[in-house]
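Trainee: Take a look at the letters that make up each chain.
Number of protein chains: 2
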Amino acid sequence: MILGAIEAGGTKFVLAVGNEKGEITEKISIPTRNPEETMKEIHDFFKGKNIEALGIGCFGPLELNKDKEKYGFITSTPKLAWADYDILGNLRKNLGVPVEISTDVSGAALGEITFGDYKDEHTLLYITIGTGIGGGYVIDGKIHNGMLHPEMGHILMSRHPEDTFEGSCPYHGNCFEGMASGPANEKRTGMKGTEIPDDHKSFDYIASYIAEALMSYILVLSPTKIVLGGGVMGRTRMFPEIRRILSEKLNGYVKTDQLGDLLHYITEPSLGTESGIKGALALALMAE
Amino acid sequence: MILGAIEAGGTKFVLAVGNEKGEITEKISIPTRNPEETMKEIHDFFKGKNIEALGIGCFGPLELNKDKEKYGFITSTPKLAWADYDILGNLRKNLGVPVEISTDVSGAALGEITFGDYKDEHTLLYITIGTGIGGGYVIDGKIHNGMLHPEMGHILMSRHPEDTFEGSCPYHGNCFEGMASGPANEKRTGMKGTEIPDDHKSFDYIASYIAEALMSYILVLSPTKIVLGGGVMGRTRMFPEIRRILSEKLNGYVKTDQLGDLLHYITEPSLGTESGIKGALALALMAE
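Quick mapping for you: the protein sequence lines, in order, are chains U and Y. Under my numbering, the first sequence has 221 at position 221, and the numbering climbs by one with no breaks. Under my numbering, the second sequence has 269 at position 269, and the numbering climbs by one with no breaks.
Since the hints were derived computationally from the structure, they do not count as laboratory data. Honestly, I wouldn't trust all of these hints.
Which copy is meant is left open, so a pair is good if it fits within one copy or across any two.
[Unchecked claim] Derived PhoX-like pairs (lysine-lysine); straight-line CA-CA distance at most 25 Å: (1) Lys201 x Lys187; (2) Lys142 x Lys119; (3) Lys70 x Lys255; (4) Lys142 x Lys68; (5) Lys119 x Lys68; (6) Lys66 x Lys119; (7) Lys255 x Lys68; (8) Lys249 x Lys21.
Quick caveat, the model's predicted, so the values are computed rather than measured.
If we strip away everything but chain U, and leave its shape as in the complex, we get (with noise of 0.2 Å):
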């Protein structure tokens, strides 16, 4: 069976095709331009590649109400060129295949769990953190949503007791968002991220936002499997730091097999930097 798959970014479109095992076989990225010059790009890579069906996980907000008029458009995005865009009624338009959306996280952990390492979970959270913070979960092989998409990235945060910054979130300013992620970080030190090393004073308050905020999906979900994926967990240091800061805040409350060992429980993606693209894959199954 021959997928077309697409991850939709702000700054970039990865367009891939693939099969039903999550193999790929031809993918390319585009720069996001406007949505008719990037609608043009899309169905020029798709073209005579005899795709049956499309799945894509895009940024949002978006409408994923199958009940509502504007059920697959792009909604208030600061982008503005894509705001109150209809995503999915145009891919469906322009490739005359049947599409499936979902959020770009969203997708990606249905990735993870579809294709990925964790296909024997019941519940799988991934989390990225990035350019920007968001969460999806994934139960019984289905994307959680409720009245939206989750906005994970946008709990508040309590202060590191040694954290002066006031937080980049021009809706919350602490939020998780706010506070851990890359251009919070930037704002934060003043520095471009590429110049801040692995071993700078900001990373400890990172690393402790991560696991609070890591505390409350815990509690809230419960999930069987947390995956942590994002330029800022690239970062050397994190995943050991956030395990031993969690473990100290959770403070023995919760007993779980999957806490007591958090070296499996919160772990990187099992498909490297292709969760979301193969994500896209698996929202192409299921597109009718």
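Guided by the hints, dock chain Y onto chain U, whose structure is given.
Mentor: Here is chain Y on its own, set in the frame of chain U:
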């Protein structure tokens, strides 16, 4: 269909007989003693009542993973007589009928969505704020559990700027339960709960903590309906203040129909004080 229901709490057990419509025909309340004495009282109450199945919403923590040897046990509770007690197995043996078990607060969530005014909701979050704080979440009529049932009352809070109370939770200090439960406020004020007037400053802090916790639950779970029960919510000023502060904190970031109508989104239990026991009837319907 004649069904048995138990709402098992740390201070009392409510026992009831009812039917598949959620109608209760008989109900008593007994103090929580040790397991042997309480089991005998349960046996005496249900004897000759011809119940076909039983549901129990129980204080925890519980082992709810059916693959585990200790499925249906109360595990590490501070109520030592009940720690490591096989409540599910003993009820099955005692009553000779199929029994289904969940937490008290997941039971209440199930009661509201099965027999209350919220039957049409895709998801429902029930939070109780009283002697303890806990939450239960139902998705498409099914209680959500991951590696364990949720422990939503223990997410960390950022301190209200005027609140100097260190928190009463022995595990986490300033978690939601440690800052906003009834016993937390008795410790903060040095007064008995019944002596603290509604206009006491401490309820400003508590309303703020509840709003902060709801913000986290909304961003992580995105429930389509939130029901708040428990003694603290009996204070008349709480609902309006929580809605006001939540709206300020979210600051327009998440846009949904529900958040545009907080009066109906964040609401009282439609079953009054019977969410839990009627939830136990709904659990009985699932017993195998």
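Trainee: Could you work out which earlier hints the structure fails to respect and list their numbers in ascending sequence?
Mentor: 8
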